Amino acid sequence: MSSMSRRNRSFHAQSPLEVTEQLATNLQCGLTQAEAERRLAVHGPNRLPEEPPDPAWLRLLRQFHNPLIYVLLVAGILTAYLGHWIDAAVIFAVVIVSAVLGALQEGKAQRALAAVKSMLAQTAVVIRDGRRRQIAAEELVPGDLVFLESGMVVPADLRLVAARRLAVDEAVLTGESLPVEKDPEPVDEAAPLAERRCMAYSGTTVVRGQGLGVVVATGGDSELGRIGKLVASVSRLETPLTRRLTRFAQGAAAVIVGVSALLFAWAYWGLGQPLDEIFLAVVGIAVAAIPEGLPAIVTIILAIGGQRLAQHQAIVRRLPAVETLGSVTVICTDKTGTLTRNQLTVTSVLLPHDSVEVSGSGYEPTGAFLRDGRPRLPESVRGLVRLARASLLCNDAALHADAEGHWHGEGDPLEVALMSMALKAGLDPERERRCWPRVDLIPFEPERRWMATLNRDHHGNHVIFLKGAPEVVLAHCYSDADGQPLDMAGWGERLMREAAKGRRMIALAWKRLSSPKEALSLEDVNGGFALLGVVGLEDPPRPEAKEAIRECHEAGIRVLMITGDHPVTAQAIGQMLGLRAEAPLTGVEIERLDDAALGARIAETDVVARAAPEHKLRLVRVLQGQGHIVAMTGDGANDAPALQAADIGVAMGKRGTDAARQASAMVLADDNFATIAQAVRWGRVAYDNIKKALLFVLPTNVAQALVVAIALAAGWSLPISATQILWVNLVTAVTLAIAVAFEMPEPDVMQRPPRPPVEPLVTGAMAWRVVFIGVLICLLSYGAYGISLVRELGEDFARTAATHTLVCAEVVYLFSCRRFVASGWSLEVLRGNPALWPVIGVLALLQLAFIYAPPLQLLFRTAALDAFAWAYALAGALAAFAVVEVEKAVLRRMGRVAL
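First residue of the sequence shown? That's 507 in this note's numbering, and the numbers climb one at a time after it.
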């Protein structure tokens, strides 16, 4: 970074003259074209630095880095070496399809970075060689003089040297809902970004006025560039599901390799079997023990979960995010536009001798004026209509409804809110402006902190309306609107009470002139006003947000509100939402505290104020360091780094920037925080269904592995062939497991706390049931195999009977899997899942073809079964179901409610 860019963080504390001297530029002529080209060569184009994305082949290769994949690859190679080409082809196909699907999920960070870049302005108006010209924004360099006007996107970080009614929307950087009034005067060096009124930052939008600024930072050195660097530097975390699957794969691979090695040694040295037979049996164990269909099952469950979320306005961009939602322990959420509407609303009116609350939210002009909770007609409240008229006339905003009846404002959000209040009071803007035409205007200026209009009433008398900060307007008033002297102490107390509620306040006053005037001067505004009242405004919480937070708390999930607002405002909003807001954490504290102290401090409150993007990112990382699974919601570019770093990033669909959406794993199409509660519910259902799928699939793998292992250890022929094992693993198990993907929520899904982040995918209780049922099915299969041999029906018949018994046990066991611990002896397990019976019907047809269709008989070496084999398979399956239900009853007696 150059010396100039290193110092640019303090430009806001320097005077315009100091800045121009430091950057060697001229306020009249700007840079010369030659000097600009020289600086462009030094600083580079005004765009974010690009990181080359990983090539597709590298992303694909990374997918093979999985212990179970290694075992399957070795098994496939050995199978091919032994000449079993069909088995080898199936194994390799499963591995390749899984790898391709994984590779398609990568490259997300590059898209997030590209979205941040898209926010940069495309052109800029500058002064070079003393002439005004338009250039590509990429050609801007430090020292350039840049013009700003309403509607422009600021093309680089600017130190303002002139401003005329200039206001900039900085919500994408600070989260602040109101435009910031700009003033070239320097501010304190320690001022946070949201309070640097003499700066205009790249990517923000000019909402009104004009300005002239000196470029102090471009590209990666700008504030927007710093966010881009943060996004690029944040690595995508594994989701809880992928972490659990990795641990499961490592453990399963170790067990499979260990058992295979022991059996290999025993068969070779203990039994003296030929190597090719031993290799084939060991491959059979690997193929039997590894749930090849599990990746497909998990993908199906997550895809169905994604569809369910979409029905509730939550769009999942990465499938693992479905399960991650069910794991979340902390939701870090931006306030503006997420918990609130990002629409200022008048909520109170303080009149000289009265006060009322104002109902309604947003810009829609529906609501009532309430005193002691009871509606009052505007005309019955002394002085209310008069104040509403002043707020309408001393106002440049517009408010209108679209074809769908949604209300939209044009202009300063504060003035739009005042316009909405005037409409609630029954005033017609067109009629009022016709009866009280404006003669002149003194616009709002930051240094004055007021706006004044000169109007003429229907009698031809002239009136000045004054609107501004309460302390400034009160200083210009000598009485209230009824001619009574002002009680300044009393007004001070009233204003303090309003401030404690987190409300912004605007005072309104008027002055009747004794003679007509055609122009308004500053002297005309210097005193003599009568105070009409003070209006309190809020960016109110969404009505549904408080209920959603309550649901999250009930589900054991903590909600942390992170905002750039002042601590008092943040505290008031937090209290409205039911958050712990007594002592908000501030950005200054985040910078001062180390990770341990910050972790302790953040446990004391649910509200963080005056937060910058790097603060949000650090909070996410500190929480993750404490073992939390963190979700981050947001809508601005300032949220992108934290969205990227969080276990799951949740962006707003309507108000969200491309940067936020691209950095997130899920997008709320309705921008509704309440949607998150539903998303958590269905995320937990998805995880429950994955566990149910494991409870269903793994016993089959254990049973098959035991069948092969016992045969190898005893020196017997295999009761089930390798191709028959693949049939069970990849056809019957996957087909039946599809039904599990459609399971509905368990009754307590939102009343239990989040599962511990360190909890394994297969818990001890689950492992016991898997082994227990696996042994049962193994014994049933050996029984079918042995009885068939005793009946002298041949090897093919015996293996077919063993395989069919295993499949029948799977079908009946599926009903027990629908409930973790609850009893399966009820009609409820026969209904409530739309996929259950269709899936069983499909499997029945497949199994009949497996047994009786000549082509499949040839491929899988099967034989047609007789009635006795069918009766044994069905009776054995029902007996196994009864034993499992007895085991579940014992667990219920022990107080277990989940596995």
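Accuracy of the hints is not assured; some may be wrong.
Pairs of lysine-lysine, DSBU-like flavour, derived with a Cα cap of 35 Å [as the list claims (entries may be wrong)]:
1. 1017 x 1160
2. 1007 x 1017
3. 930 x 1007
4. 1160 x 1023
5. 1197 x 1007
6. 930 x 1197
7. 1160 x 930
8. 1007 x 1052
9. 1394 x 1160
10. 1052 x 1160
11. 1197 x 1017
Simulated from the structure, these hints should not be mistaken for laboratory data.
None of the values given here were measured: they were computed from a predicted structure.
Against the structure, the hints come out as follows:
For the suggested pair residue 1017 and residue 1160, the alpha carbons sit about 44 Å apart, so the restraint of at most 35 Å is broken. For the hint pairing residue 1007 with residue 1017, the CA-to-CA distance comes to about 30 Å; that is within 35 Å, so the pair holds. For a cut-off of 35 Å, the pair hint linking residue 930 to residue 1007 stands: about 22 Å separates their Cα positions. Restraint check for residue 1160 and residue 1023: not satisfied, since their Cα atoms lie roughly 47 Å apart, outside the 35 Å limit.
With a C-alpha separation of about 47 Å, the suggested pair residue 1197 and residue 1007 falls outside the 35 Å cut-off, and the hint is violated. With a C-alpha separation of about 55 Å, the suggested pair residue 930 and residue 1197 falls outside the 35 Å cut-off, and the hint is violated. Only pairs whose Cα atoms come within 35 Å are accepted, and residue 1160 paired with residue 930 is accepted, the gap being roughly 27 Å. With a C-alpha separation of about 17 Å, the suggested pairing of residue 1007 with residue 1052 holds against the 35 Å cut-off.
Under the criterion of a C-alpha separation no larger than 35 Å, the hint pairing residue 1394 with residue 1160 is inconsistent with the structure, at around 48 Å. A distance of roughly 21 Å separates the Cα atoms of residue 1052 and residue 1160; the hinted pair therefore holds under the 35 Å criterion. The straight-line distance between the Cα atoms of residue 1197 and residue 1017 is roughly 73 Å, outside the 35 Å bound, and the hint therefore fails.
Of the numbered hints listed earlier, those contradicted by the structure are 1, 4, 5, 6, 9 and 11.
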